[in-house]
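Now for the letters of each chain:
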Amino acid sequence: EDKVVQSPLSLVVHEGDTVTLNCSYEVTNFRSLLWYKQEKKAPTFLFMLTSSGIEKKSGRLSSILDKKELFSILNITATQTGDSAIYLCAVIYGGSQGNLIFGKGTKLSVKP
Amino acid sequence: NAGVTQTPKFRVLKTGQSMTLLCAQDMNHEYMYWYRQDPGMGLRLIHYSVGEGTTAKGEVPDGYNVSRLKKQNFLLGLESAAPSQTSVYFCATADTGREQYFGPGTRLTVT
Chain B
1 EDKVVQSPLS LVVHEGDTVT LNCSYEVTNF RSLLWYKQEK KAPTFLFMLT
51 SSGIEKKSGR LSSILDKKEL FSILNITATQ TGDSAIYLCA VIYGGSQGNL
101 IFGKGTKLSV KP
Chain F
113 NAGVTQTPKF RVLKTGQSMT LLCAQDMNHE YMYWYRQDPG MGLRLIHYSV
163 GEGTTAKGEV PDGYNVSRLK KQNFLLGLES AAPSQTSVYF CATADTGREQ
213 YFGPGTRLTV T
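Keeping their order, the protein sequence lines are chains B and F.
In terms of the numbering used here, the first sequence is residues 1 to 112.
In terms of the numbering used here, the second sequence is residues 113 to 223.
Simulated from the structure, these hints should not be mistaken for laboratory data.
The structure displayed is predicted, hence computed values, not measured ones.
The beta-carbon is built from N, C-alpha and C at its ideal position, and this holds for glycine as well.
There may be inaccurate statements among the hints.
Claimed, not checked - Computed spacing ranges between beta-carbons, pair by pair:
hint	chain 1	residue 1	chain 2	residue 2	range
1	F	G128	B	S7	19 to 29 Å
2	F	E191	B	K57	17 to 27 Å
3	B	N75	F	Q184	33 to 43 Å
Claimed, not checked - Some, not all, of what chain F presents toward chain B, calculated at C-beta under 10 Å:
hint	residue
4	A114
5	V116
6	F122
7	G128
8	Y147
9	G152
10	L155
11	G170
12	E171
13	G175
14	R180
15	K183
16	F202
17	E211
18	F214
19	G217
As the list claims (entries may be wrong) - A few chain B positions that, by computed beta-carbon distances, are all more than 12 Å from chain F:
hint	residue
20	D2
21	Q6
22	P8
23	L11
24	V12
25	A42
26	S52
27	S62
28	E69
29	L70
30	T77
31	S84
32	L100
Using the sequences and the hints given, assemble the complete structure.
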């Protein structure tokens with residue numbers, strides 16, 4: 001059965017801390033891995049990772065994919081209260097229709 | 113340029129009533145998707161479409177129907193609503209094999 005597993009499910013940190021969110025997957029015909037941030041409404045796209053070992057970076061956020069070990073991490077440095085959200089990992093797999101399978105998400109709470 | 117829009121934003125239905133959720137996009141994407149999101153369950157795919165006139169079942173299709181008569185619109189129908197269909201519904205669109213862009217969601221309560 002295809003699946004995406006995120007850990008931890010929830011995390012509480014203080015402003016300025018660095019956090020690492022984990023995503024492992026088992027899918028048929030992997031194509032890409034995506035990270036989304038979801039605050040109170042729709043998920044917003046962060047990164048798309050297709051190749052192993054190449055870090056994607058945007059400000060304080062970065063992510064990397066390991067296709068051999070079938071996982072990805074999302075790092076957030078110098079966290080701020082505005083980083084509080086649910087972070088979703090998803091994998092595009094299968095045929096040309098590019099279906100996504102989502103993990104259950106990691107709820108990050110950043111305290112002042 | 114509105115991106116992906118959903119109508120309505122909120123709705124309360126009684127058990128057995130029917131309704132249609134509308135998703136509209138101006139991004140010229142071929143692929144469109146309907147998800148539901150429930151606490152502790154993540155996002156689950158209901159139905160999807162790879163182009164005008166085509167639809168396919170996702171992970172949790174029972175109790176829902178869809179239609180894609182025009183490229184820019186994807187409709188989700190509930191013929192006889194049940195309390196188990198209380199959820200937040202998201203529409204998403206994508207280019208081939210690319211990231212999906214989500215609409216703002218519809219919060220549906222079935223009493």
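Cross-check of the supplied hints:
| no. | hint | verdict |
| --- | --- | --- |
| 1 | G128/F <-> S7/B: 19 to 29 Å | violated, 41 Å |
| 2 | E191/F <-> K57/B: 17 to 27 Å | violated, 47 Å |
| 3 | N75/B <-> Q184/F: 33 to 43 Å | holds, 37 Å |
| 4 | A114 | violated, 13 Å |
| 5 | V116 | holds, 8 Å |
| 6 | F122 | violated, 12 Å |
| 7 | G128 | violated, 29 Å |
| 8 | Y147 | holds, 8 Å |
| 9 | G152 | holds, 7 Å |
| 10 | L155 | holds, 4 Å |
| 11 | G170 | holds, 8 Å |
| 12 | E171 | holds, 8 Å |
| 13 | G175 | violated, 20 Å |
| 14 | R180 | violated, 13 Å |
| 15 | K183 | violated, 15 Å |
| 16 | F202 | holds, 6 Å |
| 17 | E211 | holds, 5 Å |
| 18 | F214 | holds, 4 Å |
| 19 | G217 | holds, 6 Å |
| 20 | D2 | violated, 10 Å |
| 21 | Q6 | violated, 9 Å |
| 22 | P8 | holds, 14 Å |
| 23 | L11 | holds, 16 Å |
| 24 | V12 | holds, 18 Å |
| 25 | A42 | violated, 4 Å |
| 26 | S52 | holds, 18 Å |
| 27 | S62 | holds, 17 Å |
| 28 | E69 | holds, 22 Å |
| 29 | L70 | holds, 18 Å |
| 30 | T77 | holds, 23 Å |
| 31 | S84 | holds, 17 Å |
| 32 | L100 | violated, 6 Å |
Hints 1, 2, 4, 6, 7, 13, 14, 15, 20, 21, 25 and 32 from the earlier list are contradicted by this structure; the remaining hints agree with it.
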